[in-house]
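Please model the complete structure; the sequences and the hints are all you need to start from.
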Amino acid sequence: MNISNSERDRISVCSEAPTEGVQEGILQRSMRLLPSPATRDFIGRATLTFYFAFGAVIKVAALILALRDTVWTTASSVDFAADVASLGFLALMGFSTVTRLPPVKTAQGIEPRIAALIGCFATVTLVVVPRVQILPQLELFADLIILGGFTLCIWCLWWLGRSFSITAQARRLVTAGPYRIVRHPLYACEAIVLVGIVLRNPTWQTVAICAIALTFQYRRLVNEEKVLQSAFPEYEAYKRKTPMLFPSFSSFW
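Residue numbers (our numbering): 74 to 326.
Don't read these hints as lab results, they were simulated from the structure.
Any given hint could be a false lead.
To be verified - Only pairs whose alpha carbons sit at most 30 Å apart, straight line, appear in this in silico DSSO-like list of lysine-lysine: (1) Lys-299 with Lys-314; (2) Lys-299 with Lys-312; (3) Lys-178 with Lys-299; (4) Lys-132 with Lys-299; (5) Lys-312 with Lys-178.
Claimed, not checked - Taking CB as the label site, the calculated pair distances span: (6) Thr-288 with Ser-109: 28 to 36 Å; (7) Gln-210 with Phe-127: 28 to 36 Å; (8) Gly-117 with Glu-298: 18 to 26 Å; (9) Val-205 with Lys-299: 38 to 46 Å; (10) Gln-181 with Ala-119: 31 to 39 Å; (11) Gln-302 with Thr-147: 41 to 49 Å; (12) Val-205 with Trp-145: 22 to 30 Å; (13) Thr-112 with Gln-278: 36 to 44 Å; (14) Gln-210 with Met-317: 28 to 36 Å; (15) Val-295 with Gly-221: 43 to 51 Å; (16) Ile-285 with Ala-119: 22 to 30 Å; (17) Ser-149 with Val-201: 37 to 45 Å; (18) Ser-150 with Glu-309: 44 to 52 Å.
All C-beta atoms in this analysis are idealised placements derived from N, C-alpha and C, irrespective of residue type, glycine included.
Right, dumping it as structure tokens:
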């Protein structure tokens, strides 16, 4: 039997229509199974709050033991102060997570989430890296860098406040305080802490872990820039006049 081209087209369309309809139905059902954005935000907020609270409890316990057992010298005092600063930063992250604003825009896809998680939490593995003996002068210098880095992190996070997030999200555009000097001061200050950590325990494992963390932190930063540009039209002007990570002379005036 001979079939014209127009008849073949009609047969083809009819045969494809059910397939497309089935695919659309499957997609819609899959979307309904996913938690709502508000539910996902609540789950993420609760998980991070528990993590930061647990870390703070461990840090407090370590500080109590240090108060009891430490022989106080200049070096041990600076080391203790650095631990207190890290506790303050951890506690402020927990508080900022609890009080943060709902996101107005979130980076799509799996890559921004993976980059954020690895960039933020890769350094947790440093606890299993063996410690090596270093010169007392280098140890003191490293502790001073860590203390300064965590202090600056607290300053940056205080200004970031309710806009804080782990994944690349836009909540509110912050351009004052340290964010007037560079666009991503918190990332820069966290990098200072990592430099101190490497100097404090200069092993290849420490260098590798910190390098991985910095690499994914940069990816996290890039993803965050895209979200902020998409969410806030005024971000483009802010980006033109404010350096990304390294301040210029004009940034202070």
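Here is what the structure says about each hint:
1. Lys-299 with Lys-314: Holds, at roughly 17 Å.
2. Lys-299 with Lys-312: holds, 11 Å
3. Lys-178 with Lys-299: Cα-Cα ~10 Å, so holds.
4. Lys-132 with Lys-299: Not satisfied, since the Cα-Cα distance of roughly 35 Å exceeds 30 Å.
5. Lys-312 with Lys-178: holds, 18 Å
6. Thr-288 with Ser-109: 28 to 36 Å: Roughly 33 Å apart at Cβ, these two residues keep to the hinted range, so it holds.
7. Gln-210 with Phe-127: 28 to 36 Å: Because 35 Å falls inside the window, the suggested range holds.
8. Gly-117 with Glu-298: 18 to 26 Å: holds, 21 Å
9. Val-205 with Lys-299: 38 to 46 Å: holds, 40 Å
10. Gln-181 with Ala-119: 31 to 39 Å: Given range 31 to 39 Å: violated, Cβ gap about 23 Å.
11. Gln-302 with Thr-147: 41 to 49 Å: holds, 47 Å
12. Val-205 with Trp-145: 22 to 30 Å: holds, 24 Å
13. Thr-112 with Gln-278: 36 to 44 Å: Since the Cβ atoms of Thr-112 and Gln-278 sit about 38 Å apart, the hinted range of 36 to 44 Å holds.
14. Gln-210 with Met-317: 28 to 36 Å: Distance hint for Gln-210, Met-317 holds at roughly 33 Å.
15. Val-295 with Gly-221: 43 to 51 Å: violated, 26 Å
16. Ile-285 with Ala-119: 22 to 30 Å: Roughly 27 Å apart at Cβ, these two residues keep to the hinted range, so it holds.
17. Ser-149 with Val-201: 37 to 45 Å: Hint violated: Cβ distance 24 Å, outside 37 to 45 Å.
18. Ser-150 with Glu-309: 44 to 52 Å: holds, 46 Å
Hints 4, 10, 15, 17 from the list above are not met by this structure, while the remaining hints are.
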